[in-house]
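Chemist: Top to bottom, those sequences are chains A and B. Going by this note's numbering, 132 is the number at position 132 of the first sequence; the sequence numbering is gapless. Going by this note's numbering, 123 is the number at position 123 of the second sequence; the sequence numbering is gapless.
Hints were generated in silico from the structure; no laboratory data involved. Built from N, CA and C at the ideal position, the CB exists for glycine as well. Hints may contain errors.
[To be verified] So, partial list: chain B residues that the calculated Cβ filter (under 7 Å) puts toward chain A:
(1) PRO37
(2) GLY42
(3) GLY44
(4) TYR46
(5) TRP60
(6) ASN79
(7) ASP81
(8) ASP89
(9) PRO92
(10) HIS98
(11) PHE104
(12) GLY128
(13) PRO129
(14) PRO133
(15) LEU137
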Amino acid sequence: MATGPPPSAAKLYRPNRFVSLPAELDPDTYDSSPEKRRAEAERLAIRSRLKRQYQLQLNNPSRPAIIEDPALLRWVYAKSMNVYPTFRPTPRTSFLGAAYALGPLLFWIFVLKADRDRKEKRIQEGKYKRPFSVF
Amino acid sequence: SEMSKDMMPGPYPRTPEERAAAAKKYNMRVEDYQPYPDDGFGYGDYPMLPDKSQYERDAWYQWDQPDMRHNWGEPMHWNFDMYIRNRVDTSPTVVPWHTMSKHFLIFLSTMLIMFGLGAIYPSYRPVGPKQYPFNDLYLEKGGDPNKEPPAVIHYEI
Numbered sequence: 001m002a003t004g005p006p007p008s009a010a011k012l013y014r015p016n017r018f019v020s021l022p023a024e025l026d027p028d029t030y031d032s033s034p035e036k037r038r039a040e041a042e043r044l045a046i047r048s049r050l051k052r053q054y055q056l057q058l059n060n061p062s063r064p065a066i067i068e069d070p071a072l073l074r075w076v077y078a079k080s081m082n083v084y085p086t087f088r089p090t091p092r093t094s095f096l097g098a099a100y101a102l103g104p105l106l107f108w109i110f111v112l113k114a115d116r117d118r119k120e121k122r123i124q125e126g127k128y129k130r131p132f133s134v135f
Numbered sequence: 001s002e003m004s005k006d007m008m009p010g011p012y013p014r015t016p017e018e019r020a021a022a023a024k025k026y027n028m029r030v031e032d033y034q035p036y037p038d039d040g041f042g043y044g045d046y047p048m049l050p051d052k053s054q055y056e057r058d059a060w061y062q063w064d065q066p067d068m069r070h071n072w073g074e075p076m077h078w079n080f081d082m083y084i085r086n087r088v089d090t091s092p093t094v095v096p097w098h099t100m101s102k103h104f105l106i107f108l109s110t111m112l113i114m115f116g117l118g119a120i121y122p123s124y125r126p127v128g129p130k131q132y133p134f135n136d137l138y139l140e141k142g143g144d145p146n147k148e149p150p151a152v153i154h155y156e157i
């Protein structure tokens, strides 16, 4: 029984969250179909329109003191003020909230309490030598 | 700032018209625009861009902000401040990640196991007590020079 064709170089590379696929192994670089070219042309049109807007403001003789970037403002708004309105308590978010907020708190409560109890027991039994410290 | 409410990010888009409006708002193509899944995590309608750091962008293109390799008005990644060039870098590596991690873990685990075994079962060359000359340093240790020093023999035949 013959095995199938050998795995492609892209499959052997196995890109993950930390590294992305090199452009040479990505089959998308070698695909020059009309759809892709039309998509690239549309993206270029959007990019050049934005660049034109920016350059007009930049080279304006009476340039404003700060050229606001709407993308930056939207990013800041999305990360700070848009989180609470769009948040929804689902099982996953509730579990993660409990794990990240209550988990460390309860963990350290129990660890420190157990440590203190053990030290107290040793002091009561007389086995603990108190450290001498000027501070 | 003087941007209106509909220029700012909003809730998750449900209808195709909302998607088209959101894509236009973020200066993206409608086909490119892909919001984060509506899991209630607080993303809203912010687009999900590929997780690539700014290092992967072309170094020789004339960006509007060359140090951040970002153009004016271009939608920024949700974790943009993580992907700047001073921080996380997802550039493709010469060696695949799984190969690198495998080599590193094999080396690290081998060294740790050897160190652990060496700590539990130490082994040294055999040693004996130190032997001093001149009858065990009889005069240096304050022995009487007139008396005969005791003979010290360090070997057995």
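Chemist: Now, for every hint given, state plainly whether the structure supports it.
Modeler: Structure-based check of each hint:
1. PRO37: violated, 11 Å
2. GLY42: holds, 4 Å
3. GLY44: With a minimum Cβ separation of about 4 Å from chain A (threshold 7 Å), the hint on GLY44 of chain B holds.
4. TYR46: With a minimum Cβ separation of about 5 Å from chain A (threshold 7 Å), the hint on TYR46 of chain B holds.
5. TRP60: violated, 15 Å
6. ASN79: For ASN79 of chain B, the interface hint is violated, since the closest Cβ of chain A sits about 9 Å away, which is over 7 Å.
7. ASP81: Hint on ASP81 of chain B: violated, closest Cβ of chain A at ~9 Å, above 7 Å.
8. ASP89: ASP89 of chain B check fails; min Cβ-Cβ to chain A is 9 Å, beyond 7 Å.
9. PRO92: holds, 4 Å
10. HIS98: holds, 5 Å
11. PHE104: violated, 13 Å
12. GLY128: Cβ of GLY128 of chain B sits 39 Å from chain A, so the hint is violated.
13. PRO129: Interface hint status for PRO129 of chain B: violated (36 Å vs cutoff 7 Å).
14. PRO133: violated, 46 Å
15. LEU137: At 41 Å from the nearest chain A Cβ, LEU137 of chain B fails the 7 Å test, so the hint is violated.
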